[in-house]
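Take the given structure of chain A and dock chain B to it, following the hints.
So the protein sequences, as listed, match chains A and B. Its first residue numbered 0, the first sequence is counted upward by one per residue in numbering that gives the first Met the number 0. Its first residue numbered 0, the second sequence is counted upward by one per residue in numbering that gives the first Met the number 0.
I should point out that these hints are in silico values taken from the structure, not numbers from a laboratory. Here the structure is a predicted model, which means the values were calculated and not measured. One thing to keep in mind: the hints can contain errors.
Copies of the same chain are indistinguishable here, so a pair counts whether it falls within one copy or spans any two.
[Unchecked claim] Taking lysine-lysine and the DSS-like style, the derived pairs with C-alpha atoms no more than 30 Å apart in a straight line are:
id : residue 1 : residue 2
1  : Lys69     : Lys233
2  : Lys16     : Lys269
3  : Lys405    : Lys313
4  : Lys407    : Lys233
5  : Lys155    : Lys69
2 protein chains.
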Amino acid sequence: MKALLIIGDGMADRPLKELGWKTPLEAAKKPSMDHLASVGICGILDPIAPGIPPGSDTATLSLLGYDALKVYPGRGAFEALGWGLEVAEGDVCLRCNFATVDENLTVLDRRAGRIAEADASKLAESLKKIKLSRKNAEFFFINTVQHRAALLLRGKGLSTAVSDSDPGINGVKVREIKPLDSSPEAKFTAEILNELANKFHQILKDHPVNKERVARGQPPANFILFRGAGTMPKIKPLSELYGIKASCVAVTSLVRGVCKVAGMQLLDVKGATGTPQTDYIAKAKAAVQALENSDFVMLHVKAPDVASHDGNAKQKVEVIEKIDNMLAYILNKVDLGETYVAITADHTTSCTTRKHEGDPVPLAIMGPYVRGDDVEEFGERACAKGGLGRLRGKHLMPILMNLLCKIKKFGA
Amino acid sequence: MKALLIIGDGMADRPLKELGWKTPLEAAKKPSMDHLASVGICGILDPIAPGIPPGSDTATLSLLGYDALKVYPGRGAFEALGWGLEVAEGDVCLRCNFATVDENLTVLDRRAGRIAEADASKLAESLKKIKLSRKNAEFFFINTVQHRAALLLRGKGLSTAVSDSDPGINGVKVREIKPLDSSPEAKFTAEILNELANKFHQILKDHPVNKERVARGQPPANFILFRGAGTMPKIKPLSELYGIKASCVAVTSLVRGVCKVAGMQLLDVKGATGTPQTDYIAKAKAAVQALENSDFVMLHVKAPDVASHDGNAKQKVEVIEKIDNMLAYILNKVDLGETYVAITADHTTSCTTRKHEGDPVPLAIMGPYVRGDDVEEFGERACAKGGLGRLRGKHLMPILMNLLCKIKKFGA
Numbered sequence: 000m001k002a003l004l005i006i007g008d009g010m011a012d013r014p015l016k017e018l019g020w021k022t023p024l025e026a027a028k029k030p031s032m033d034h035l036a037s038v039g040i041c042g043i044l045d046p047i048a049p050g051i052p053p054g055s056d057t058a059t060l061s062l063l064g065y066d067a068l069k070v071y072p073g074r075g076a077f078e079a080l081g082w083g084l085e086v087a088e089g090d091v092c093l094r095c096n097f098a099t100v101d102e103n104l105t106v107l108d109r110r111a112g113r114i115a116e117a118d119a120s121k122l123a124e125s126l127k128k129i130k131l132s133r134k135n136a137e138f139f140f141i142n143t144v145q146h147r148a149a150l151l152l153r154g155k156g157l158s159t160a161v162s163d164s165d166p167g168i169n170g171v172k173v174r175e176i177k178p179l180d181s182s183p184e185a186k187f188t189a190e191i192l193n194e195l196a197n198k199f200h201q202i203l204k205d206h207p208v209n210k211e212r213v214a215r216g217q218p219p220a221n222f223i224l225f226r227g228a229g230t231m232p233k234i235k236p237l238s239e240l241y242g243i244k245a246s247c248v249a250v251t252s253l254v255r256g257v258c259k260v261a262g263m264q265l266l267d268v269k270g271a272t273g274t275p276q277t278d279y280i281a282k283a284k285a286a287v288q289a290l291e292n293s294d295f296v297m298l299h300v301k302a303p304d305v306a307s308h309d310g311n312a313k314q315k316v317e318v319i320e321k322i323d324n325m326l327a328y329i330l331n332k333v334d335l336g337e338t339y340v341a342i343t344a345d346h347t348t349s350c351t352t353r354k355h356e357g358d359p360v361p362l363a364i365m366g367p368y369v370r371g372d373d374v375e376e377f378g379e380r381a382c383a384k385g386g387l388g389r390l391r392g393k394h395l396m397p398i399l400m401n402l403l404c405k406i407k408k409f410g411a
Numbered sequence: 000m001k002a003l004l005i006i007g008d009g010m011a012d013r014p015l016k017e018l019g020w021k022t023p024l025e026a027a028k029k030p031s032m033d034h035l036a037s038v039g040i041c042g043i044l045d046p047i048a049p050g051i052p053p054g055s056d057t058a059t060l061s062l063l064g065y066d067a068l069k070v071y072p073g074r075g076a077f078e079a080l081g082w083g084l085e086v087a088e089g090d091v092c093l094r095c096n097f098a099t100v101d102e103n104l105t106v107l108d109r110r111a112g113r114i115a116e117a118d119a120s121k122l123a124e125s126l127k128k129i130k131l132s133r134k135n136a137e138f139f140f141i142n143t144v145q146h147r148a149a150l151l152l153r154g155k156g157l158s159t160a161v162s163d164s165d166p167g168i169n170g171v172k173v174r175e176i177k178p179l180d181s182s183p184e185a186k187f188t189a190e191i192l193n194e195l196a197n198k199f200h201q202i203l204k205d206h207p208v209n210k211e212r213v214a215r216g217q218p219p220a221n222f223i224l225f226r227g228a229g230t231m232p233k234i235k236p237l238s239e240l241y242g243i244k245a246s247c248v249a250v251t252s253l254v255r256g257v258c259k260v261a262g263m264q265l266l267d268v269k270g271a272t273g274t275p276q277t278d279y280i281a282k283a284k285a286a287v288q289a290l291e292n293s294d295f296v297m298l299h300v301k302a303p304d305v306a307s308h309d310g311n312a313k314q315k316v317e318v319i320e321k322i323d324n325m326l327a328y329i330l331n332k333v334d335l336g337e338t339y340v341a342i343t344a345d346h347t348t349s350c351t352t353r354k355h356e357g358d359p360v361p362l363a364i365m366g367p368y369v370r371g372d373d374v375e376e377f378g379e380r381a382c383a384k385g386g387l388g389r390l391r392g393k394h395l396m397p398i399l400m401n402l403l404c405k406i407k408k409f410g411a
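Excised from the complex, chain A in its bound form (with noise of 0.2 Å):
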């Protein structure tokens, strides 16, 4: 027996005016998602807890079966390994931004008008050849998306109890960064950062990159701004947990850092974008070609969510079509007589709001032995009256694999 979770992200909302009160769940032509809520069992999942607005992090944190309000260590480190850094325990990891300031670090443009890996590119290759004054630290440094940038630190006694010199908005001086208690770790942690502020400035302003982006007419990318220090969580694998082999297609870096950090195999898909026009297809000929050497894939689409924080209830709705078509290929090419088949959403998006909320998410689950229902539609309020009734995001694994019959026995 096998498992394929699929998680479209943000998929969940509340009833729209535009969309006739109903959620674009409920809006949407779907016909192999109703199948699948009609001959498998539904209900609905808090990610965290009633209420609580969940962020990608901590959603897919639980959706895998961890306890987030217990082991979350914050943003850097799933970030970091999404983007391929090696973490390991101890590292802190931050988010950077290539960001413009003035000769009074007042912050100009904290995205460096959303500079081009090109040049982001060229700059970090500088930055990395900087040595730290202290020898028992080293850093990391990578450029990633457009002015994103993640950096890990290493070295004995560091902490993530470091504020962030990033001000958040433009217009006002860079912070320094400061220890967030009384630890000597904190104070060593903050110490290194401002050194490599500094010493990233002192290597940026005058850097030609820069010189040339200042000639064309575009913004000196010469400040890096750190936030959100990180660390790994200290959580087992799948594979110790249940046994299995677990795949992941996803690209947002946050998802598949946290996909790594559970340990599982993290596959790339030519045509997988991230966006509302990722190559759906592709996405799920990964999936199912991923379920033959793998017990439990999870394939995660990032397009519902981008529609939500846009506000384009429309745009969502075609983007839950498409994944509609997208698991019709699934239910078509998988064994069902040996696969478990769940979807579900990481959180609530609102097109309303354009935030994640803390509304719960519906889940449908098919496959051979589940105890069907009686809902027939997939949708937020039709999995409300499912035979699954109101779960936790962190209880889907472990029901997951108790149809798979992976878990132990607890008692005699």
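Just chain B, lined up with the frame of chain A:
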């Protein structure tokens, strides 16, 4: 967006033979509650946990979003706060009864013939003048309603781990107060309380007011019984948790005390009495008005609990119909495009057992963006089929605050 929460104290019940095995809620004509359930989303709440009968204090704590199982500090402080005493961290509060004892300190009447407030006030004035032998502790004593009073101890090194002097029944001797653990704080507190009990008795036994009472044929109020030592819970106010301004319309001192600890503004309403004869519309007006400069208003009605403790099912039905009338006023006055209105009970009070019981309570929430369900009636059984499923009392507040966009995202 704003939220109004209506709490019918003890409004939920078990099926009653005299109502054709309906509950009072099910038997009552309550078109406004049914409308709320019909357009809103419904569910049932276990105020504390399945099967656990809550007190009014623990239930209110839960409905305000606190984990009563973790933070409940005993009843004393809530009662004292509700009566207007200023309780600080470290203070120990006790509930007190004016009682009648004989020369052997055997309790003849735990309520001193339900002594009138006029007499109790005069006696209390005399007690306030007593000096404690310890310089490092002081006390505050106030009489409240009839035979009831509150005592507050302030000083260094106090403890709530002390037994009651109130034996709970007539015909037995007053109990000596004993420390309930081996700490010096518990020993110290017990010593002070025994000293106070003795000094109070010395003043009261020969007090002119008591001589007059005896002359009138009334039992003398010659002893103050202590029980329920409690202190301030360590909880954050709602303003800090959710960034909201919150107000409370309630008469019951215990409920007012909980709301005060939660940092809510306590409103006084003329004609509100905490009895079935309370001025329901005056309370409704106060709540609607409070919504103008509050994000969250809690409107508490004691009456159904009073009828339940009297085992008066007919009166309970009538009281529920009056609350429904109050709700009609509210729904007519508030801006329903900007306001979430929720109704629930703090606990089940059975007209049969005349006690708080651990059965869940119904909940309905209406408002702009709720995922309305199929439930068309506000009742214990109807709401159990609703879209919210079965939750704990402590989940209600996060759910309401999520609808108001007042909860920070957990994760990134």
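Cross-check of the supplied hints:
| no. | hint | result |
| --- | --- | --- |
| 1 | Lys69 with Lys233 | both (10 Å within a copy, 21 Å between copies) |
| 2 | Lys16 with Lys269 | neither (37 Å within a copy, 41 Å between copies) |
| 3 | Lys405 with Lys313 | between (41 Å within a copy, 27 Å between copies) |
| 4 | Lys407 with Lys233 | both (21 Å within a copy, 24 Å between copies) |
| 5 | Lys155 with Lys69 | within (24 Å within a copy, 36 Å between copies) |
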